[in-house]
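In order, the protein sequence lines correspond to chains A and C.
Counting in the numbering used here, the first sequence runs from 1 upward without gaps.
Counting in the numbering used here, the second sequence runs from 354 upward without gaps.
This list has only true hints and no planted wrong ones.
Quick partial rundown of chain C residues pointing at chain A, CB under 7 Å, derived from the structure:
id : residue
1  : K426
2  : V434
3  : P457
Everything labelled a hint here was simulated from the structure, so no lab data went into it.
Note that the structure is a prediction, hence the values are computed from the model and not measured.
Even glycine gets a Cβ: it sits at the ideal position worked out from N, Cα and C.
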Amino acid sequence: MPSKWRHGNRLVLILLLLGIFFVFSLFLASAFGAVSISLPSIFKMTLSKLAFLNSPASWTSTDETIIFQIRLPRVIGSAFVGAALATAGALFQGLLRNPMADPYIIGTSAGAALGATVAMMLPISLNFLGFGLLPIAAFLGALATVIMVYRIARVGDKTPIVNMLLAGFVVSSLLGAIMAFLMSMSGRIGLNLQSVYSYLMGNISVTSWQQIAVIAPLVIGGIIGAQFFAFHLNAFSLGEEGAAHLGINVEHDKMLILALGSMLTAAAVSISGLIGFVGLVVPHAVRLSLGPDHRVLLPASALAGGAFVVMADLLARTLLAPAEIPVGVITAIIGAPFFIYLLRRTKREYAFV
Amino acid sequence: MISLQINRVYFSYFNGLVLHNISLSIRAGEMISLLGPNGSGKTTLIKLISGILKPKQGEIRLDGSNLNRLDRKSIARSLAVVPQQFYIPYAFTVGEIVMLGRIPFLRAFTNESETDRQSVYDAMELVGISELKERRFDELSGGERQKVMLATALAQEPRLLLLDEPTVHLDITNQVEIMELVKRLHVEQGLTIVAAMHDLNLAALYFDRMVLLKEGKVLADGTPAQVLTEDTIRDAFSASVRVGPHPITGTPHIIVIPGSNNRPPV
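With the rest of the complex left out, here is chain A:
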């Protein structure tokens, strides 16, 4: 028997390293901002907060408030956004067998953007579990669009992938046209274009733990649910018929994977706007460095995506402080060259035909 089949140990080691990097990024991002707070201080604060440490406080209560009430919700929110988008990207790339697929490919982004824009026009302010109208409208807009795309693509009891991609493109274009119309009429309908652009370029807008408490079950549940489909997505690499030959219930799985990916994406865009590049590039970077096996790809993408957005948001709010750069700008500026480097360096390049 060959000994090279040891997959499990390698997997655990890789995930452990990525996990350490992920946690480190959380601490680092908490340390910087308008006020710098030293890393050791943050460690001690966290440990005492978690009741592991019982030493006299060597930090001010202002520092504690800044860390736990202001920065940490935003940092954790960024981590959720990144993990959700990267997982959704990996799910869609695997299911659709399309390297160009990203979490937005079946219309979630267009739906969320239109939902958010309509919310900006409405003179309603509400507070539902810590969320205003905009994130709720964006969330519902994303989900409604995916359901519409899925129904348009359906033929009999099947939903062919090509139909999904085409329906996603057409519905996105239609919603985009409505967006463009609303924006062109902004003066008359009282739409603040600055806010629309801000949403379209992506900004982490998490201000409370209450919001985290709502997003957490969606994102964590979605990521664990995605892991359940790791084998199935590997089977989908052989195509839908190939997957069926391997005992996969194709239409059933397709619906569940689309639902999971869409829910993750909708959760992310509701608190962050449309952050591009994460969902496309992170799964590719992971696949290029660790291989295409979804058992590694899915959890590694979640951790890498989380760390990536946390660091990108750190740069977004510190580089030109007190001004904030849209985080979507940072993800693209860092992500693109890194991806090109991977594409050129790695031995596991892609076969595009």
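Assemble chain C onto chain A, guided by the hints.
Below, chain C alone, put in the same frame as chain A:
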């Protein structure tokens, strides 16, 4: 070993009947080829037997159980399919691809067991691709890819192996190599084999039983000598041919005559 019973099966896509009242009985351990012109329903029949398509009428029984009532996972544990065309979008290694054949036996959140690894190892040894294990699938030649797909199917430990034109797009060396391999699996492992074949002469060398389809109906069913006659071939393919004995094996060998196509004008 597994037996297959196809009873009065009809099938159509959106328009037009593709298969018309097909009845076939395939005994455990048989090796059968499905022949016929393009569009005669060979691939459709393979897809019906693998449960990818459902008959509009009639039924298919796998060891006595109606295929429609079996779930995909139990079908995948009994029969494996080597498809005609395959494209794998991401850079899997050969070992990873063959391991996909174990999916019907895996549960979520678990890793492969020793049994799974042994089964993959055996399948690769049997097909003779062990040394390709770490190679990337997309770097392989057509013949090597076909062997990898065969090994993946064998890793499923099937009792029935379905092949859809396994030698199409291969050079003659690889054609013979793949067919020798399939024959060996039949003889040594006792696999029941059903293969759609486009090359009549190649099929005549390796299969004991042939089913000739024309426009979705069974035109002839029997030994190569019974099925591959000048008359049946003229009827099925609208082509005039000569059939003589193969100089070495004595099995029927078809010689195409140039300029003899008398297919009715469309």
